[in-house]
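Given these sequences and hints, build the entire structure.
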Amino acid sequence: MACDHRLTRHALLWLMAYCIAMPSVKACSAQDHVCESDAIAAMVTKWPRITDFSRPIDMKDYREKKREGVPDERDVYAGCVIQIQGESIADNAACIDDEFAGHLKSFEYLQDLSVGLAFTNKGAERLVNNKRLSSLILAKSQVTDDCFLSLSKLPALTELDLSGTAVGQTEVFEKITMLKNLRFLSLRRTSVRTRKHCEAISQLEALDALDLLGLPIDDHAALALLSLKKLEMLDLTATEISPSMITRFKQSLPAATILSDDLEP
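Its first residue numbered 5, the sequence shown is counted upward by one per residue in the working numbering.
Hints were generated in silico from the structure; no laboratory data involved. One or more of the hints may lead you astray.
To be verified - Straight line, CA to CA, 20 Å or less: simulated DMTMM-like cross-link-like pairs of lysine to aspartate or glutamate: (1) Lys126 with Asp101; (2) Lys135 with Asp102; (3) Lys233 with Glu203; (4) Lys233 with Asp223; (5) Lys135 with Glu103; (6) Lys254 with Asp212; (7) Lys157 with Glu112; (8) Lys233 with Asp212; (9) Lys144 with Asp101; (10) Lys179 with Glu209; (11) Lys144 with Glu112; (12) Lys126 with Asp150; (13) Lys234 with Glu209; (14) Lys126 with Glu103; (15) Lys184 with Glu129; (16) Lys200 with Glu178; (17) Lys254 with Asp266.
And the structure:
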């Protein structure tokens, strides 16, 4: 039976979101010292070192590939911002603040990024040149609804983790509808709760994974989400959605994995 790599990736992101939410779990710190400018070289001293790479860094080879336009996996992951090596996740997110975000434009092939707690909307503004950025973890950072104005300029963005942030507190949340290519979205433990919030989310028609754990969403608000017919994973655990509405979701999305407080399969 062929492995669904897309679902495997979503499952990994779900696991990362869970680990971020648990205070007893600490991320592993890492840094692949590939620098494109003196500015990055100066700031990279803030990043912990790592020695367990599968092969050494050949800067001459790296720069030759850059001149030829050949992507390198260390460039893709921007020095191990997120790098999966076997079963381990190397994450130096704590060092990614607004100031450092301004230097990430050097990594033209950057696809995956996790940021630190001090990261704000200003940092999001500084990512707009990373047009290949597809996965962005902003969990527990300082971003607000205004970040959507910047994130909408990232055409490749398909996976977004906003868990534990202040999104959902203003009407600007509706700008999330501009992120048309999103397939994975985590909003657990945010201020999302109303029918309007859910109506905005329902316009993200490409979504196949949605995490709403711990949100005070009721049946009336949840009705709007029934239109998301592509969903394959939906977490409604610890919401205010009734068992009867959970059943309705399971009937509407028979092929989806729906997580809830209801113990029925």
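Results of checking the hints against the structure:
no.	hint	verdict
1	Lys126 with Asp101	holds (9 Å)
2	Lys135 with Asp102	holds (18 Å)
3	Lys233 with Glu203	holds (14 Å)
4	Lys233 with Asp223	holds (18 Å)
5	Lys135 with Glu103	holds (19 Å)
6	Lys254 with Asp212	holds (15 Å)
7	Lys157 with Glu112	holds (15 Å)
8	Lys233 with Asp212	holds (8 Å)
9	Lys144 with Asp101	holds (13 Å)
10	Lys179 with Glu209	holds (15 Å)
11	Lys144 with Glu112	violated (26 Å)
12	Lys126 with Asp150	holds (10 Å)
13	Lys234 with Glu209	holds (7 Å)
14	Lys126 with Glu103	holds (9 Å)
15	Lys184 with Glu129	holds (18 Å)
16	Lys200 with Glu178	holds (8 Å)
17	Lys254 with Asp266	holds (11 Å)
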